[in-house]
Each structure stands twice: as structure tokens, then as C-alpha cells.
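There are 2 protein chains.
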Amino acid sequence: MRVSELFTKTSKNVPADETSRNAQLLIQAGYIYKEMAGVYTFLPLGKKVLDNIVQIIREEMDGVGGNELSMTALQQKDVWEASGRWDDKVIDVWFKTKLASGTELGLAPTHEEPLTALMKTFISSYKDLPVYPYQFQTKFRNELRSKSGLMRGREFLMKDLYSFSKDIGEHNEFYDKISAAYDRVYARLGIGDITYKTFASGGSFSKYSHEFQTLSPVGEDTVYVHEAKKLAINEEVYTDEVLTDLGITKGELVEKKAVEVGNIFTLGTKFSDTLDLKYTGEDGSEKSVFMGSYGIGPSRLMGLLAEHFADEKGLVWPEAVAPAKVYLATIEKPSEDGKVSDIANNIYEELTRANIGVLYDDRGVRPGEKFADADLLGIPYRVVISDKTVASDRIEVKARTAQEAEYLTRQELMQKLGIPT
Amino acid sequence: MRVSELFTKTSKNVPADETSRNAQLLIQAGYIYKEMAGVYTFLPLGKKVLDNIVQIIREEMDGVGGNELSMTALQQKDVWEASGRWDDKVIDVWFKTKLASGTELGLAPTHEEPLTALMKTFISSYKDLPVYPYQFQTKFRNELRSKSGLMRGREFLMKDLYSFSKDIGEHNEFYDKISAAYDRVYARLGIGDITYKTFASGGSFSKYSHEFQTLSPVGEDTVYVHEAKKLAINEEVYTDEVLTDLGITKGELVEKKAVEVGNIFTLGTKFSDTLDLKYTGEDGSEKSVFMGSYGIGPSRLMGLLAEHFADEKGLVWPEAVAPAKVYLATIEKPSEDGKVSDIANNIYEELTRANIGVLYDDRGVRPGEKFADADLLGIPYRVVISDKTVASDRIEVKARTAQEAEYLTRQELMQKLGIPT
Chain A
1 MRVSELFTKT SKNVPADETS RNAQLLIQAG YIYKEMAGVY TFLPLGKKVL DNIVQIIREE
61 MDGVGGNELS MTALQQKDVW EASGRWDDKV IDVWFKTKLA SGTELGLAPT HEEPLTALMK
121 TFISSYKDLP VYPYQFQTKF RNELRSKSGL MRGREFLMKD LYSFSKDIGE HNEFYDKISA
181 AYDRVYARLG IGDITYKTFA SGGSFSKYSH EFQTLSPVGE DTVYVHEAKK LAINEEVYTD
241 EVLTDLGITK GELVEKKAVE VGNIFTLGTK FSDTLDLKYT GEDGSEKSVF MGSYGIGPSR
301 LMGLLAEHFA DEKGLVWPEA VAPAKVYLAT IEKPSEDGKV SDIANNIYEE LTRANIGVLY
361 DDRGVRPGEK FADADLLGIP YRVVISDKTV ASDRIEVKAR TAQEAEYLTR QELMQKLGIP
421 T
Chain B
1 MRVSELFTKT SKNVPADETS RNAQLLIQAG YIYKEMAGVY TFLPLGKKVL DNIVQIIREE
61 MDGVGGNELS MTALQQKDVW EASGRWDDKV IDVWFKTKLA SGTELGLAPT HEEPLTALMK
121 TFISSYKDLP VYPYQFQTKF RNELRSKSGL MRGREFLMKD LYSFSKDIGE HNEFYDKISA
181 AYDRVYARLG IGDITYKTFA SGGSFSKYSH EFQTLSPVGE DTVYVHEAKK LAINEEVYTD
241 EVLTDLGITK GELVEKKAVE VGNIFTLGTK FSDTLDLKYT GEDGSEKSVF MGSYGIGPSR
301 LMGLLAEHFA DEKGLVWPEA VAPAKVYLAT IEKPSEDGKV SDIANNIYEE LTRANIGVLY
361 DDRGVRPGEK FADADLLGIP YRVVISDKTV ASDRIEVKAR TAQEAEYLTR QELMQKLGIP
421 T
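In order, the protein sequence lines correspond to chains A and B. All letters in the first sequence, in the order written, are residues 1 to 421 by the working numbering. All letters in the second sequence, in the order written, are residues 1 to 421 by the working numbering.
Among these hints, one or two may not hold up.
One copy or two, either will do: identical chains are not told apart, so a pair holds if it fits within one copy or between any two.
Claimed, not checked - Within a straight-line C-alpha distance of at most 25 Å, the following computed DMTMM-like cross-link-like pairs (lysine to aspartate or glutamate) qualify: (1) LYS96 to GLU143; (2) LYS98 to GLU81; (3) LYS89 to GLU396; (4) LYS47 to GLU59; (5) LYS147 to ASP78; (6) LYS120 to GLU369; (7) LYS250 to ASP273; (8) LYS325 to ASP276; (9) LYS287 to ASP273; (10) LYS34 to GLU18.
In case anyone wonders, no lab produced these hints; they're calculated from the structure.
Bound-form chain A, shown alone (with noise of 0.2 Å):
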């Protein structure tokens, strides 16, 4: 894409109404629009990264079975009264909002009642399960306080999976199937080596549930890490009884601030009971369906990444999500023959051709603009074409990450950004 083309441009001012750094970056960078606290708009290039952390966790979703449904926000209060959690007091985060009838509904916070009931109409029998449909949808939450930019939003996208086991032993095993699935996400994004499995309180159908944690001073939770084990403990949690459960002693164990990326839960038969959703077993008998639920949310995430990789020129995207690969900028002089654009067309059409993604940076501004924009929106590679490297019969070409830019002859870059020669 040509950034002539783009309606949205970067800023030099800080929004003064941000105290999160994500927010202020990604404001800055034409990423994202603030509509009110904790409610943001995604802008193209906002948009792109969004899609591409959402396409990651749709891959690893679908590598252990998952169906991909779409769900409503607004809620009929009788699923939520059945599981007591219609109550504002149970639930705190609650929209709520009237038909013109004046019948009340509700904004979903989550899923699992309204998706409990739906499954009613597709489980009858030992034959129908497993089953494990997710979505990626709104959420809205009535959070009282929003100043964590895209960390904590008050409407903002969710990944929610639920399964549907015969029994805990099925249900055990994708437990540990879709935690490995929650793992390799993390690392394609980037942050495997700082996002640890941390054992948090459970429910009454298994001791622990478990978060995903990565390690950020900009966190809100407090966890014990152990780093040799690669796991961590939630404060909450952080009693003598787990340690010795998990066998290590508190001396092993480091204190930290960090995200929740993700969380994993065994809900057991809580809503299956509440909401009558039972199978006929392989001996006849009727058997309440097990459940688990297992979030993550691309939003924050985005958040996240934004926060936990910029650097003081400015964003910095691991490869996988960046909205494009490449920004490809020209410096040319009014007076000169129009090589450098012609070279520089090429070079877009090639890298387009081969799906690499670009930002050609065709505006008629200084270079040292083009190169501040370069780095506020954290494209991974930026390549130079100017009257000094057509003369050289070079490329420059600079990672985010790099000090120093490097010069190459065409072959080389194309092999640098993987296109096969």
C-alpha cells in the first residue's frame, strides 16, 4: 500500500488524555482512535495487526479442532438468570439495554451461558462429543476505571473456545492439547521466551485453572516465577500448600509484574447442570455434559506488543504481526530523472507479487520525515532508494532493530525479506 494512500497520518504529539504508553503510541501512529476510555477504533494499519494476531490464534485454534462460530452481543436475561449470574452483583461489568418492548437484554461480557444453551440443539448423545466451537467477537465490559489503553478495554475483541468432553479424563486431555496450542501463540508472536503458564485458583472441578502471563513492569497482576520450570504462581494463589503441591520452595521463585495474555479454566458440569445440557452415554444412561472455557484476547495483545516492544523512536513490531513487512521510502530531488521512482515501483511491484507486505512511502516530504514514520510505526525493515544508492547499484536496507543500515545489491535483499531467487 502507498502511504498517499492511507487517510490516516502519524502525529508528534502525545494525546494528553493517555497515561498508557500502548494507548499514546499507537494514537501517535495512526494505529488506533480513541472513541471514549477503553473504547477504540482500529484504524487500517491497526486493523492489519489485529487481523494478523487473530489469523495466528485462528490457525492453532483449528490445529486442535476447533469450529469457528460467531455469537451476538446482545442477551436475553433468561440463560443468565438461570446461572445467577444475570445479577449486577455476581456479574459487575454489566451493559445492559432495553427493545423498544422494554423487554431488558444484555451486552455479552462472555459466552458460556448463551453458548451452553445453543449446544442443546446439537448434543444429545455420547456420539456428538467431543466438541470445541470458539469465536472471535466483541465483549463488553462496564469496567469502572479504563486507563490501560488497549490492556483493558471496555469494548474489545475476544477469542473464546469451550469445550464439550464426555467426561474429565476427554476433558484432561485437550486441556493439555490446547494449553501446547496457547504456548506455540506466544511464541509466534514473539513473547514465548517472557509468557509463562501460571497456576491460578480453580473451581470445584479442578484445584488450579491457569493464566498466561507475560512478564511486563507495565502489569497488573503479581506472580511468582520459577524460572528453571517455566512456570509461574498468581499472588493469588502464592500459599505454602501449592508450593508444595508443585514441589519448589520459595527461595526458586522470583516476584514480577505481568500481563494475563490468555487464561484457561475447567468449568466441569457448573453450566451444563444449571443449563440442562446432557448426553445419553454409551450405556444409556444421561450424563451432564464437562466443560471448559480457554480466552484469549487479541486486543490486549496488540496492547502488549505495542507496549512491551517500543523503544523511544517508537513502535516495533515482531515480524508476524507487523502490518507490513517492509517501508520502502524514496529521497528524490524535484530535478532529478525519475530513476529512483522507477527503480522503486519495481522494487514495490516485485515484493508485492510475492506477498511480502509494503509501506511505499511515495509522499513528496523530507526524508528525515519519512524515516521518523518509519520507526514510530515500527515496520520491521526499512529500504531506501536514492540518487547515492542507484549510483552504487545498492539498497539500503536498515532492520527496526538494527543500528546500522546495510547496503545490497538487489539479489540480496530479496533473499534478506525471503523471497526465493
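Please build the complex by placing chain B on the supplied structure of chain A, with the hints as guidance.
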């Protein structure tokens, strides 16, 4: 995808609480699930159809210079008060809600106001124009009645593009360009021949707006069609004056029922004046940005396609939107040697490698049940492997719209499905 891995099932029962044929069929086939009137969950196969429709629209919007973004449902009232549309008497389909602090919010029924406000960040000079932001986004409309299935939703998907131009000349150029893009969308969806660009009431800045109306007996609108000129007039502007404008006579027109599947509208400076979206012209003077809006409802289109093409056996999807191109079914007695499955597995893999979507019915159910499902689901080609086809070294293939099956060699089958051999 294997049918055994889908969590949805077809049903023989027509849902008692649906009067619209599209909702009845889509629910029976397991494409959608009714949460409440006008509010439907998209199940895996339904999501695929919707995604296919979205992708066709996206390609055509990108083709005319569209920049995709994603705005929010939650809306603060200030910009809507400025335009006079916060009032429930002016927009009578608002869903309203409240922040925990008590501040009133709305759920966006459309996005002219917030987008106009957003564009103030990015438009200040004639150099910033024209631009064409668009989105696929969930709209909320508190309709008093909602009995038409996907054709009139309370929560539904909308593609809305907005044009920001320097003046009416630049606007008109784009208006014609996107009108042609709309024609391409309907042609690709298989309803080009029955979809008419229709004159409807305009506003202060243009005498007419245009709707795209698809002729259908279930339509809520009445239009007067001029078949030779491939245009129509909405009954709201069916006057002698309009006939004179268009140079046609009543005798040339036929009255028809139709479904509105898109509309394009010249907004002029109505919103930019109200919300102070100005730019500095080349001559240094300050001017109001000239706007237009362009909507298509992908979920309504899905309802229309379902209803329009259906026959007594079920859905009949156009190939461009079908959730799979091929329904592959095996007929195999348990006593057999597995040859049928081997061949079917092999064909499944070849088609999948060639990026042809396949629903592979590998269930151990009666052939009649498989055939009924293939018909109800509306998959374009049904391919059957049985002991008979194996013995004759042919494969049975039947188009959903054909009366008779054909018996082809494997190479002929692949050619028929568009795979180069």
C-alpha cells in the same frame, strides 16, 4: 472439513417460531441459530457463507480505493447531539445503555457522526482528499418488529463506506465508480440480472439517492422496473416529475416486490458542516468536506440468497458464497474392504490441496440421509463414491441444480471442478 467434525447438525423440523423462509432453512440446515427475533448467531457453515460475501464486497471496495477500518458499537452522545440524531424521535431504533458512572451511551445504528468526528484528526488540507474509509461492522437497530430472518436484523453486519471529497465534482466521479462496484458485487453473488439500480429520494445535495433492489416476491419494497434500461423507481418517488426526469413513461414500467440490498447516498456537507470538518483549499480558503455514504448488508444478502435460490429440497448456494464447493459422500457397507473410503480420502486430499472446499460426509449413516443433507445444505456439487462407482471406475457427480447425476472419470471430475490436469 469432515461432517463428523462439525458440531452442527441438520434438522427435519421447520422451526415453529420463524415465518420467514430464509430463517427456517438456515436454521434447519444448521447455518444460524436464533438468539431472539432479529438476532442470530452464525454457526460454522453460516459464518463461511457470510465471510465469502464479505470478501467479495471487500475486494470491490478495495478496488475503488477503500481503506478498511473497524469502528466501535459504543457511542458517546455529543456528536449525535450535534447532528440532532441522538433524540429517539429522530432515530427511532436506538439501543441506549449507560457507563458505570451513569453517562448515557448508544449502540451505533450507523456511523456518519463518529466517522466525521474521527476524520477531523486526518483531514485539514485539500492534499488529504479524497479518502474512502469503510468497515464491516455490527450495527444495532431496535426494530419494533423483526420477522424477516436475516433480512431485517436488530444486530446485523453492515458494510458502510463513506466518501470524503473536495467538492461535488470529485464526489460525483466516485459516486459513479462505486455504483459500478456495487453492480460487480451483485453480479459475483449471482443476482446481477435481478438487481436494479433504483431511484429513491435524495436530500439537500442531490435530487435522488440510489438503492439497489433485488426483485423477489418476499421483498418489503415496491419498485417500478424498466427492464430495457435496467433501472427502477422506488414507489416513494414514483411521480410524473421523476418519469419526465428519466424520460420514461408509466407504460414501460412493471410493478415488482423487491429487497433493498444496497444504497448509495450523497450526504453533501450536512455532517461536515454540523461537526466542523473543514479543509483548506488550494486557494487558501476554508471549505466544508463533501461527503457520501454507501451501504451493503452482508447478512441481509445472505438471507436473500438463501431465500431466492432455495427449492423444495433446501438451500441452493451460488458457488461464490457456498461454504464448500463439493459435498463428498461415501456409500459403504461395513462388510466392505475399505476401497470406497480409500478412494474418497484420496479425492478429499486432492481437492483440499487444490483449495477446493469440501464437506466430506464420512458418517456411518444411510445414503438417503447423506443425500438429503447435501441438498438441504445447498452445496453446488455432490460427489458420491460407492462400491458401484468403484466397480465401474467412474465417480458419480451431480450439480445441486441438475436433475440427473453424471458418471465421470477422475480426470473428468477434476476438470469439471476447475482443477487443471
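Can you tell me if LYS96 and GLU143 fall within 25 Å by alpha carbon in one copy, between copies, both or neither?
-> For LYS96 and GLU143, the Cα distance is within 25 Å both inside one copy (13 Å) and across copies (17 Å).
query: Taking 25 Å as the upper bound on the Cα-Cα distance, should LYS34 and GLU18 be classified as within, between, both, or neither?
result: within (9 Å within a copy, 40 Å between copies)
* Up to 25 Å between alpha-carbons, please classify LYS120 paired with GLU369: within, between, both or neither. => Between copies, since 22 Å is at most 25 Å while 58 Å is not.
Could you place LYS47 and GLU59 in one of the four classes (within, between, both, neither) given a Cα distance threshold of 25 Å? both (18 Å within a copy, 16 Å between copies)
Worksheet item: How would you classify LYS147 and ASP78 at a CA-CA limit of 25 Å: within, between, both, or neither?
Response: Intra 33 Å, inter 21 Å, cutoff 25 Å: inter-copy only.
Check LYS89 against GLU396 for me: Cα-Cα at most 25 Å, and say if that holds within a copy, between copies, both or neither.
neither (60 Å within a copy, 61 Å between copies)
- Task: Indicate which option fits the pair LYS325, ASP276 if close means a Cα-Cα distance not exceeding 25 Å: within, between, both or neither.
- Result: neither (50 Å within a copy, 37 Å between copies)
Task: Intra- versus inter-subunit Cα pairing at 25 Å for LYS98 with GLU81 - done: Both ways: LYS98 and GLU81 sit 16 Å apart in one copy and 21 Å across, limit 25 Å.
When Cα atoms must be at most 25 Å apart, do LYS287 and ASP273 count as within-copy, between-copy, both, or neither? Intra 9 Å, inter 64 Å, cutoff 25 Å: intra-copy only.
>> Please sort LYS250 with ASP273 into within, between, both or neither, judging by C-alpha distance up to 25 Å.
In response: Neither, since 39 Å and 65 Å both go past 25 Å.
The structure shown violates the earlier hints numbered 3, 7 and 8.
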